[in-house]
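Visitor: Residues per chain are reported as follows:
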Amino acid sequence: MAESVVVTGLAARSALGRGTSALLARACIGEPAFGDVTRFDATGRRTTVAATMPGTPVLADELVSVIEEARGGRYDCPLLLAGHADRTNAATAAEVARGLGLAVPARTYTAACVAATTAVADAAAMIAAGRADRVIVAAGFLVDEDIFALFDAGRALARDGRVRPFSAGRQGMVLGDAIAAVVLESATSAALRDAQVLATLAGWGRSGDAYHVCQPRPDGTGLARAIAAALTRAGVAADDVGYVNANGTGTVFNDSAEAAALHIALGEAVDRIPVSSTKSVHGHALEASGLLELVCTVLALRAGRLPVNAGYLGADDDCRLDLVVDRPRETDTRYALSVNAAFGGANTALLVGAP
Amino acid sequence: MSEVLTRAPGPAVLARGEWPAGPDDQPGTLPQIAGFVVSAFNPLVAQAAERCLVARYGAAPADAEIGARTGVVLASVRGDTATADAVRAALLAGRRVPPLLFFQSNPNAVVGYVTARWGLAGPVACTSPAGDPLADGMAVAELLIADGAADQVLVIAAELATSDDETDRAVAALVGP
Chain A
3 MAESVVVTGL AARSALGRGT SALLARACIG EPAFGDVTRF DATGRRTTVA
53 ATMPGTPVLA DELVSVIEEA RGGRYDCPLL LAGHADRTNA ATAAEVARGL
103 GLAVPARTYT AACVAATTAV ADAAAMIAAG RADRVIVAAG FLVDEDIFAL
153 FDAGRALARD GRVRPFSAGR QGMVLGDAIA AVVLESATSA ALRDAQVLAT
203 LAGWGRSGDA YHVCQPRPDG TGLARAIAAA LTRAGVAADD VGYVNANGTG
253 TVFNDSAEAA ALHIALGEAV DRIPVSSTKS VHGHALEASG LLELVCTVLA
303 LRAGRLPVNA GYLGADDDCR LDLVVDRPRE TDTRYALSVN AAFGGANTAL
353 LVGAP
Chain B
104 MSEVLTRAPG PAVLARGEWP AGPDDQPGTL PQIAGFVVSA FNPLVAQAAE
154 RCLVARYGAA PADAEIGART GVVLASVRGD TATADAVRAA LLAGRRVPPL
204 LFFQSNPNAV VGYVTARWGL AGPVACTSPA GDPLADGMAV AELLIADGAA
254 DQVLVIAAEL ATSDDETDRA VAALVGP
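First to last, the protein sequences are chains A and B. Here this note's numbering is used: the first residue of the first sequence is 3, the next is one more, and so on. Here this note's numbering is used: the first residue of the second sequence is 104, the next is one more, and so on.
It is worth saying that the hints were derived from the structure and are not from the lab. As the structure is a prediction and not an experimental result, all values here were calculated from the model. A virtual CB, placed ideally from N, CA and C, is assigned to each residue, including glycine. Just to be clear, a hint being listed does not mean it is correct.
To be verified - Covered stretches of chain B (in silico footprint by chain A; criterion: 3 or more residues with CB under 8 Å from a CB of chain A, positions within the stretch not fixed): (1) 115-128; (2) 164-176; (3) 180-193; (4) 198-206; (5) 209-215; (6) 220-233.
Stated by the list, open to error - So these bits of chain B aren't anywhere near chain A, every CB distance computed over 12 Å: (7) A137; (8) R154; (9) V157; (10) R159; (11) A238.
Can you build the whole structure from these sequences, using the hints too?
Guide: Take a look at the structure:
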């Protein structure tokens, strides 16, 4: 019998603020944190807008700080990190581990926009199999000049400086900072130490599109398999899902493919399930975005308030979803999905349950 | 790093491929992939994967039923340093960053190339390991299989040379029960 996986700690910071209160509050009123970049000179780019934290945050320091906040005490457990693939990953991981008094993580997950959620799935797999009682997953992305220039060159950034997921007139993404950490634990371990259970990780699923180097499979069948796998693992029917925090990058092809995936995976229930993408307020934090969105999803479920899909201008026939627009929606649902998709057709779905 | 394949516990190695594999594999001889420029990293990954999958299946694509349950893990300690350096150099020189570098700068992209060509539709994981990349890639693959997320996994470990004394190297192993 697999161990049940629960969430016993979380922390996050982004351009919306430090701490989870600001994150949920601003997500629920749909107040984006977008502004002109001052961290580097973005002159000459197609846009100069991103969602950056004030000052000059240092990735390793921010990770140590957010992990300390999430773990709520000194204890040993495996640490899994997610971040952008570069030659400094091992050094950053070692520095973070040293700062926390933990063993150096075996690896940093770098699979683009599903890096952090892949780490979450691996952590959950370790716990479910009894290989670990507790695992900390942390991810960080700070908008920098090189990444900004790459996304600008790829014409992926919204020229109007707004993320408009699933909306008519959407133009693309806005990059955003995110540092987040989540403590996953077996239900048995949490009960033994009388830890507060913030949520369950009822299911997780992953899949590949086998389609293209950077475009999603347009019919959504790849992502739908990840969602279906998460629901099947949890033994939860689509009718019992009461919210989807969508990948919703605000790009034309990604959003339509994701809408198609939600229709396939959730069937007729999709018409009754509220959907929003919190990227519409915190921007796209690439390798870290999925973890920030998982934190948002847990917070929303606990508060019974669903974040707004900000930036919405009007319906797109290719994205027929029950979007949360204008104001947050109250809910008493017990299950919410957090969905992510990435370059190379990599897909993940995490099913969060009320404790 | 390929000695890992003969001593690692866990799933069986069903096939393997590598670059370089012999004296004909010299710098500059890697088959090019459309859309991937500047760096040898992605062609290196693709060629090791190709040799491994050809050894197992002969020609692309893999059997659809098997492919649907085959995941891919790409492990690289340093990643595509050549593309990263090209981006930095362009910015320092005040030049425009070539649009093709947008997707090739991310390791998922070449995995997308391999999975599309061979019809591998299982989970995709890219990692930057702290230790031996092939050993860590095998560990990630073993967990994917144990978790029921895939029946078999193509593990690729790739590193670009860091000095003139070294060679770009990649090893691929298809592992499964």
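Visitor: Quick one: which hint numbers does this structure break? Sort them smallest to largest.
Guide: 1, 7, 11
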